[in-house]
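Chemist: Residue strings, one per chain:
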Amino acid sequence: EDQVTQSPEALRLQEGESSSLNCSYTVSGLRGLFWYRQDPGKGPEFLFTLYSAGEEKEKERLKATLTKKESFLHITAPKPEDSATYLCAVQADNNNDMRFGAGTRLTVKP
Amino acid sequence: SAVISQKPSRDICQRGTSLTIQCQVDSQVTMMFWYRQQPGQSLTLIATANQGSEATYESGFVIDKFPISRPNLTFSTLTVSNMSPEDSSIYLCSVEWGQGVLGISDTQYFGPGTRLTVL
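Chains as they are written, first to last, in the working numbering: chain D, 1 to 110; chain R, 1001 to 1119.
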């Protein structure tokens, strides 16, 4: 069965303190791995799609990387507005379902 | 990206009643999805809704409890029937979008969610 595990569950950073969030996955044939940001009371906001090991994507202070077993979301010099829950999801190549991890709740203090 | 709206944004309902949630997309899409997000938890897929066919439900979700309609390519409804406090959740619709690598959709975009509280 496809599984997605995110760590840590919660992360508190000082403004400017870079760090990484982890998403470990097992899936029978990866179609895509997705990163979302979710603010309280809102729907998930799409950040990145990664398709194959070695792929990297960047957006402002965020960079996502992918290996055959895990993905990292690197946050460089975070700001308080980066505070949110970051969700990772995988899609197998034999269906359209997305399986989500439990998320990492990031707090960036000024 | 697709723009998705949901109605209502929130509701408080009595036990035993039903609520229908609407999802409207600004473009025609083939696949729409309904998710549930219970308090403090991640998203769980309820069902996949394709226009012109019956919805496909995930394990643990049944049509009698969560009937879905998909009358056209821009609209879907999810009904939460005979509600109990355990149904208190955020309900989200999403659509598959984009033409990424190998013709595979890039991702799913989500609506803002409907926050349901059952008393």
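Please note that the accuracy of each hint is not assured.
Unchecked claim - Here are a few chain D residues that face chain R, going by a calculated C-beta distance under 7 Å:
{"#": "1", "residue": "K42"}
{"#": "2", "residue": "G43"}
{"#": "3", "residue": "P44"}
{"#": "4", "residue": "F46"}
{"#": "5", "residue": "A53"}
{"#": "6", "residue": "F72"}
{"#": "7", "residue": "D97"}
{"#": "8", "residue": "F100"}
{"#": "9", "residue": "G103"}
{"#": "10", "residue": "T107"}
Claimed, not checked - Once the Cα atoms are required to be at most 27 Å apart in a straight line, the calculated BS3-like pairs of lysine-lysine come out as:
{"#": "11", "chain 1": "R", "residue 1": "K1007", "chain 2": "R", "residue 2": "K1065"}
{"#": "12", "chain 1": "R", "residue 1": "K1065", "chain 2": "D", "residue 2": "K42"}
{"#": "13", "chain 1": "D", "residue 1": "K42", "chain 2": "R", "residue 2": "K1007"}
{"#": "14", "chain 1": "D", "residue 1": "K68", "chain 2": "D", "residue 2": "K79"}
Keep in mind that the hints were calculated from the coordinates and are not lab data. Quick reminder that beta carbons are idealized off the backbone N, C-alpha and C, glycines included.
Chemist: Against each hint, give a clear statement of whether it holds in the structure.
Modeler: Going through the hints against the structure:
Hint on D/K42 holds. Least Cβ distance to chain R is approximately 6 Å, under the 7 Å limit. Against a cut-off of 7 Å between C-beta atoms, the interface hint on D/G43 holds, since the closest Cβ of chain R lies about 4 Å away. A hinted interface residue such as D/P44 counts as satisfied when its beta carbon comes closer than 7 Å to some beta carbon of chain R; here the least separation is about 5 Å, so the hint holds. Hint status for D/F46 relative to chain R: holds, with the closest Cβ pair at about 5 Å, below 7 Å.
For D/A53, the shortest C-beta to C-beta distance to chain R is roughly 13 Å, which exceeds 7 Å, and the interface hint is violated. A hinted interface residue such as D/F72 counts as satisfied when its beta carbon comes closer than 7 Å to some beta carbon of chain R; here the least separation is about 18 Å, so the hint is violated. The restraint placing D/D97 at the interface with chain R holds, with a minimum CB-CB distance near 6 Å, inside the 7 Å limit. At about 5 Å, the closest approach between the beta carbon of D/F100 and any beta carbon in chain R falls short of 7 Å, and the interface hint on this residue holds.
The interface hint given for D/G103 is met, as the beta carbon of that residue sits about 5 Å from the closest beta carbon of chain R, less than 7 Å. This hint is violated: D/T107 has a C-beta 15 Å from the nearest C-beta of chain R, more than the 7 Å allowed. Between R/K1007 and R/K1065 the alpha-carbon distance is near 19 Å, which keeps this suggested pair within the 27 Å criterion. The hinted pair formed by R/K1065 and D/K42 meets the criterion: a straight-line CA distance of about 25 Å does not exceed 27 Å.
For the proposed pair D/K42 and R/K1007, the alpha carbon gap of about 13 Å is at most 27 Å, so the pair holds. The suggested pairing of D/K68 with D/K79 is violated, with an alpha-carbon distance near 30 Å, which exceeds 27 Å.
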